[in-house]
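Enquirer: So the sequences go chain by chain: X and E.
If you count the first sequence from 1, position 174 lands on 174 in the numbering used here, and the numbers rise without skipping.
If you count the second sequence from 1, position 166 lands on 1166 in the numbering used here, and the numbers rise without skipping.
Keep in mind that the hints were calculated from the coordinates and are not lab data.
A hint or two may mislead.
[As the list claims (entries may be wrong)] Straight line, CA to CA, 25 Å or less: simulated SDA-like cross-link-like pairs of lysine to any residue:
| hint | chain 1 | residue 1 | chain 2 | residue 2 |
| --- | --- | --- | --- | --- |
| 1 | E | 1182 | E | 1339 |
| 2 | E | 1147 | X | 60 |
| 3 | E | 1147 | X | 182 |
| 4 | X | 339 | E | 1282 |
| 5 | X | 182 | X | 60 |
| 6 | E | 1339 | X | 206 |
| 7 | X | 339 | X | 182 |
| 8 | X | 147 | E | 1339 |
| 9 | X | 182 | X | 303 |
| 10 | X | 339 | X | 147 |
| 11 | X | 147 | E | 1182 |
| 12 | E | 1147 | X | 300 |
| 13 | E | 1147 | X | 57 |
| 14 | X | 147 | E | 1142 |
[Stated by the list, open to error] One-sided excerpt, in silico: chain E residues whose CB lies under 10 Å from chain X:
| hint | residue |
| --- | --- |
| 15 | 1057 |
| 16 | 1168 |
| 17 | 1170 |
| 18 | 1171 |
| 19 | 1172 |
| 20 | 1177 |
| 21 | 1304 |
| 22 | 1319 |
| 23 | 1323 |
Computed from a predicted structure; not experimentally measured.
All residues carry an ideal CB built from backbone N, CA and C; glycine is no exception.
These are the residues of each chain, in order.
There are 2 protein chains.
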Amino acid sequence: MRSQATEFLRALRQHRETGSAAGGAEGSVGAARALRRSARRISGSLHTFRPLLDAGWSEEMRPELAWLSGTLGLEHAYEARLERLLAALHRLSGVTVFPPRSGPSVPAGGPAASPAGAPVGGPVAAPAARQSAQQSNGGTLTVGAAKAGALLERQLTLARTRAHSTALQALGSSRFHAVADKVAVLASEVPLTPAAPATDLRPLATAAEERLTAAVAALPLVTAGHPYNAEALVHGLSPDPAPHPQDGPWHQVRLLLRLHRYAREAQYGDDLPVDVRLLAAGQALNRHRDASEAAAAAASAARTPRIAPATAYALGVLHADQRHEVEAARFAFQQAWQKQIVGTP
Amino acid sequence: MRSQATEFLRALRQHRETGSAAGGAEGSVGAARALRRSARRISGSLHTFRPLLDAGWSEEMRPELAWLSGTLGLEHAYEARLERLLAALHRLSGVTVFPPRSGPSVPAGGPAASPAGAPVGGPVAAPAARQSAQQSNGGTLTVGAAKAGALLERQLTLARTRAHSTALQALGSSRFHAVADKVAVLASEVPLTPAAPATDLRPLATAAEERLTAAVAALPLVTAGHPYNAEALVHGLSPDPAPHPQDGPWHQVRLLLRLHRYAREAQYGDDLPVDVRLLAAGQALNRHRDASEAAAAAASAARTPRIAPATAYALGVLHADQRHEVEAARFAFQQAWQKQIVGTP
């Protein structure tokens, strides 16, 4: 109990060290990412172990940390989204480097050719498409796909540039320095409640896990477990431009899964057993979020006035493709989560 | 052997009876379908048991039967394609009758709500969407989806009307009457080769099965067995307006599967054991064909000059959706086929 509180303190100090080190190298991408990550991590710990901490202090701290990680994250998010959408456009255009697969008649090889030949279109194709995206941007794309790519590039680059300025401003603001000071104080002295040193961390960590389990139980996992359930595209043409409401519970689970992971880290410290399944589930949910946002970006680009029909068509295909990715990510999460339940009796 | 030849004869006579009965009620949809089916079936038997039949006669007969079933099939194909695309447009617009599902926060119910609540979006949604498609066509769709639906309706109805006239002309033509006469002769006397009565049917049926097995072995079943492999959309934006070359081998397997089924029927006659898995595999391949053609129809509609961007966008989403259906059908086929191999040691 007490040792766990110390552990918690130690974890927070580690965060601070990463945080301040990153703050020193302000401006570099890696540092911003580290800063963002530690802000998110401290914020998560504050949330899970709230009863242990001085209430007024942590209520004041949390929104500041959320603001910081939110502001710092946007630039990277836009960059990753553009990359994802351009790679998808190339994949959808069948732009590949290796020789085309023989068509209808594949008499030679037969059964032996199937296992080796089959996955060519899958994992191997992705890096190839990305490579050719750099080599011959536009040349081999249809007019629509090329125009759609250019439109997305324009819109997302603009958004990224704005996010970059905002992040720079934030890092120079007095608001940021106040947060940094508080984190520095936190590293030396966590404002615990009087009862905290005697409190067991485990019930709080367990509560975080239970919140996660309850949220997962509310997900439509049965549907997600059936491949090609076409659920994610149900609102693909809906008049509502807002993010798909069906994605909400999944995003929520993504956050709860992260809180659970942080709580485990605070609880176990360096002795934390690696949970591969938790990792896989988290990755699936990250992919879910990325694809969901990329699909929304494609849909929103299609609402640009005066675009050519071919551009709009390509954006429609792209949107549906990313919604399909959303569905695939849910399936992957269901698979990972199911394994976890079987694995831990 | 000899009894099998009689069996074959008897099967052909049955075909003829269906065929002539249907020919008598010329014009009605059901009759045309029956006529088409029997033409296809005779043609298939001619193909599989070719060595038993007078070569000149069957070489002459086959293209005539193919012409007949092709001509008669087109009208129905256009009708089914339009229905499929309109249903998909409504599904994609989330047009449903039942109350909307509660969004991000589903605190009540929790674990208990999941098994019952989950499949709501799946099988239940489909008939509901179709129902509302009849009730409120257009009213709840976005402008783009409604316009896309109207465009598809115009184009496919025109194609269907043309196919209808062509079919009517065909049924009144001397070419049709010549085919009908030949089928009538066939019913009373199959022009077998002198060696035919002593020939075993089984090797020929086995050869048909082997052709099927070899074609299936050449399919990328390993990829198809991984849900969400995104293979079917690889050429979703390719500049080539031709049908997807990757679909060819699957269409080929569909035909070979049908020939195999007919050969089994001719071999076993009324004692034919029902093969549920063969049925499931065949249905998956039919769905594959339908979705592939529907996707092509959406892509081709998007190439109509002077359409609104919103229409093109909706057609893009629709195209991608149908290509997902193609991928889903391949997955279903892989599952059905895999079961078959496990089931028959």
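Enquirer: Please go over all the hints and tell whether each is borne out by the structure.
Expert: Do the hints match the structure? See the list:
no.: 1; hint: 1182/E with 1339/E; verdict: violated, 41 Å
no.: 2; hint: 1147/E with 60/X; verdict: violated, 52 Å
no.: 3; hint: 1147/E with 182/X; verdict: violated, 57 Å
no.: 4; hint: 339/X with 1282/E; verdict: violated, 32 Å
no.: 5; hint: 182/X with 60/X; verdict: holds, 10 Å
no.: 6; hint: 1339/E with 206/X; verdict: violated, 42 Å
no.: 7; hint: 339/X with 182/X; verdict: violated, 41 Å
no.: 8; hint: 147/X with 1339/E; verdict: violated, 45 Å
no.: 9; hint: 182/X with 303/X; verdict: violated, 44 Å
no.: 10; hint: 339/X with 147/X; verdict: violated, 43 Å
no.: 11; hint: 147/X with 1182/E; verdict: violated, 57 Å
no.: 12; hint: 1147/E with 300/X; verdict: holds, 19 Å
no.: 13; hint: 1147/E with 57/X; verdict: violated, 57 Å
no.: 14; hint: 147/X with 1142/E; verdict: holds, 24 Å
no.: 15; hint: 1057; verdict: violated, 29 Å
no.: 16; hint: 1168; verdict: violated, 33 Å
no.: 17; hint: 1170; verdict: violated, 28 Å
no.: 18; hint: 1171; verdict: violated, 32 Å
no.: 19; hint: 1172; verdict: violated, 36 Å
no.: 20; hint: 1177; verdict: violated, 35 Å
no.: 21; hint: 1304; verdict: holds, 8 Å
no.: 22; hint: 1319; verdict: holds, 6 Å
no.: 23; hint: 1323; verdict: holds, 8 Å
In summary, the structure is inconsistent with hints 1, 2, 3, 4, 6, 7, 8, 9, 10, 11, 13, 15, 16, 17, 18, 19 and 20 from the numbered list given earlier, while agreeing with the others.
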